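Single-letter residue listing:
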Amino acid sequence: MRAMGPVDRSLVRDVAAIAAASGVIGASFGAIAVASGLSVWLASAMSVLVFAGGSQFMAVGVVAGGGSPVAAVIAGLLLNARHLPFGLTLTDVLGERWPMRLLGTHLMVDESVAFALAQPTPERRKAAYWWCGGALFIAWNVGVVLGALAGSTLGNPEALGLDAAFPAGLLALLLPSFFAPSSGAGEGVEGETARAHEARAAAVRARWVAGGAVLIALATTPFLPAGVPVLLALLAVGLVLR
Amino acid sequence: MTLLPILILAAGTYAFRLAGPLLSQRLQVSARVQGLLSLSAIALLTALVATAALTANGGFAGWARPAGVLAGAVLAWRKWPFVVVVVSAAAVTGLLRMSGVG
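Residue numbers (this note's numbering), protein chains in the order written: chain S, 1 to 242; chain C, 1001 to 1102.
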């Protein structure tokens, strides 16, 4: 598929790792959803249509804990509001044609956004977004169906430590934006040094924003509903405005 | 839960996802604003990493998970392959839990 852009083996391998983890977590979502009263097909429909793991766990958890469906929907939407600013940064990866753009929009999840951001060129951004989003969509939904069918016989993913896999993977994708690529010493070309200077300045800005975002999110998490602290972390961008 | 709340959650989530591409179609985005938008995504994803690594249900997640994420972070910083980072983070957390660390 030409629309996927250039692809190399390392990208496919990295995507496969995060998709495999997503499949196992999907299986646990399926098992938990069925255990809390959803039918297999409702759990699967939710996973295909919503396709945002955190909000799915949240919505099912709210209802299982005795909350109303309205509360479950509001909690899930609060958690998913971060997709709006994500979409603003991703205009170049979705392409020009509307059918593809509408399809690609549905593949917008934390991992596909982080994978795209980690790429150096527009072509690679596009390839990373579509491969990661597509692989996660398939792995997540297959996992949910299998987990729902297997039901409560499936163990919880916490025992496997999979709850650490996702933050670690996202962090690995973010790290390069905090460090400027070390330029070959003594290149001496005027344009090269200016570009290296700009790359260093961008890395410094990213570090300030990230530091502020961590402080805001962690300080507000005990007091605010899930999802809101992450949105508030956007205020950290103000640290580099002047 | 019935189908209706699921459909509303799905429609709302898709609307959040579509709003970005729709808005950026209408607006001419300067290079400076494009840079700030990239920083916004970094802020959101970093906040997500911090809350996912350290918190659960509004409180501290226990030591096993942050320890695993830290192990993954060190490997990523030492430029180990992504697969190794993800698997090691899960393995460290899983092994800590197996040996009784919360």
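Since the hints were derived computationally from the structure, they do not count as laboratory data.
Treat the hints loosely; a few may be bogus.
Okay, the calculated bits of chain C under chain S, using three or more residues with CB under 8 Å as the criterion [what the hints assert, rightly or not]:
no.	stretch
1	1004 to 1015
2	1047 to 1060
3	1083 to 1093
Beta-carbon label-pair distances, calculated as ranges [stated by the list, open to error]:
no.	chain 1	residue 1	chain 2	residue 2	range
4	S	A71	C	R1026	39 to 49 Å
5	S	T193	C	M1098	21 to 31 Å
6	C	L1027	S	R195	24 to 34 Å
7	S	M100	C	G1102	18 to 28 Å
8	S	E123	C	M1098	24 to 34 Å
9	S	A194	C	S1030	49 to 59 Å
10	S	A159	C	Q1028	32 to 42 Å
11	C	G1035	S	D8	42 to 52 Å
12	S	V70	C	M1098	35 to 45 Å
13	S	L215	C	V1084	27 to 37 Å
14	C	V1083	S	A219	29 to 39 Å
15	S	G67	C	R1032	24 to 34 Å
16	S	L146	C	A1031	27 to 37 Å
The structure displayed is predicted, hence computed values, not measured ones.
Each residue gets a CB set at the ideal place from its N, CA and C atoms; glycine is no exception.
Results for each hint:
For the stretch 1004 to 1015 of chain C, the stated coverage by chain S is satisfied: 10 residues place a CB nearer than 8 Å to a CB of that chain, which reaches the threshold of 3. Using a Cβ-Cβ cut-off of 8 Å, 11 residues of the stretch 1047 to 1060 of chain C lie near chain S, which meets the minimum of three, so the contact claim holds. Counting residues of the stretch 1083 to 1093 of chain C whose beta-carbon sits less than 8 Å from any beta-carbon of chain S gives 10, enough to reach three: the coverage restraint holds. Evaluation of the 39 to 49 Å hint for S:A71 and C:R1026 yields a failure: the beta carbon distance comes to about 34 Å.
The hinted window of 21 to 31 Å between S:T193 and C:M1098 is violated, with their beta carbons roughly 52 Å apart. The supplied range of 24 to 34 Å is met by C:L1027 and S:R195, whose beta-carbon atoms lie about 28 Å from each other. Here the CB-CB span from S:M100 to C:G1102 is close to 46 Å, at odds with the stated 18 to 28 Å. For the hinted restraint 24 to 34 Å between S:E123 and C:M1098, the CB-CB distance of approximately 43 Å leaves it violated.
Checking the proposed 49 to 59 Å range against S:A194 and C:S1030 shows it is violated: the Cβ atoms sit about 20 Å from each other. Judged by the Cβ atoms, the range 32 to 42 Å given for S:A159 and C:Q1028 is violated: they are separated by roughly 51 Å. Under the hint 42 to 52 Å, the C-beta atoms of C:G1035 and S:D8, about 27 Å apart, miss the expected range. In this structure the supplied range 35 to 45 Å holds for S:V70 paired with C:M1098, their Cβ-Cβ distance being about 40 Å.
About 30 Å separates the C-beta atoms of S:L215 and C:V1084, a value consistent with the hinted range of 27 to 37 Å. Take C:V1083 and S:A219: their Cβ atoms lie about 34 Å apart, and the range 29 to 39 Å holds. With their beta carbons about 43 Å apart, S:G67 and C:R1032 fall outside the hinted range of 24 to 34 Å. In this structure the hint that S:L146 and C:A1031 lie 27 to 37 Å apart at CB is violated, the actual value being about 46 Å.
Consistency with the previously given hints fails for numbers 4, 5, 7, 8, 9, 10, 11, 15, 16, ordered from lowest to highest.
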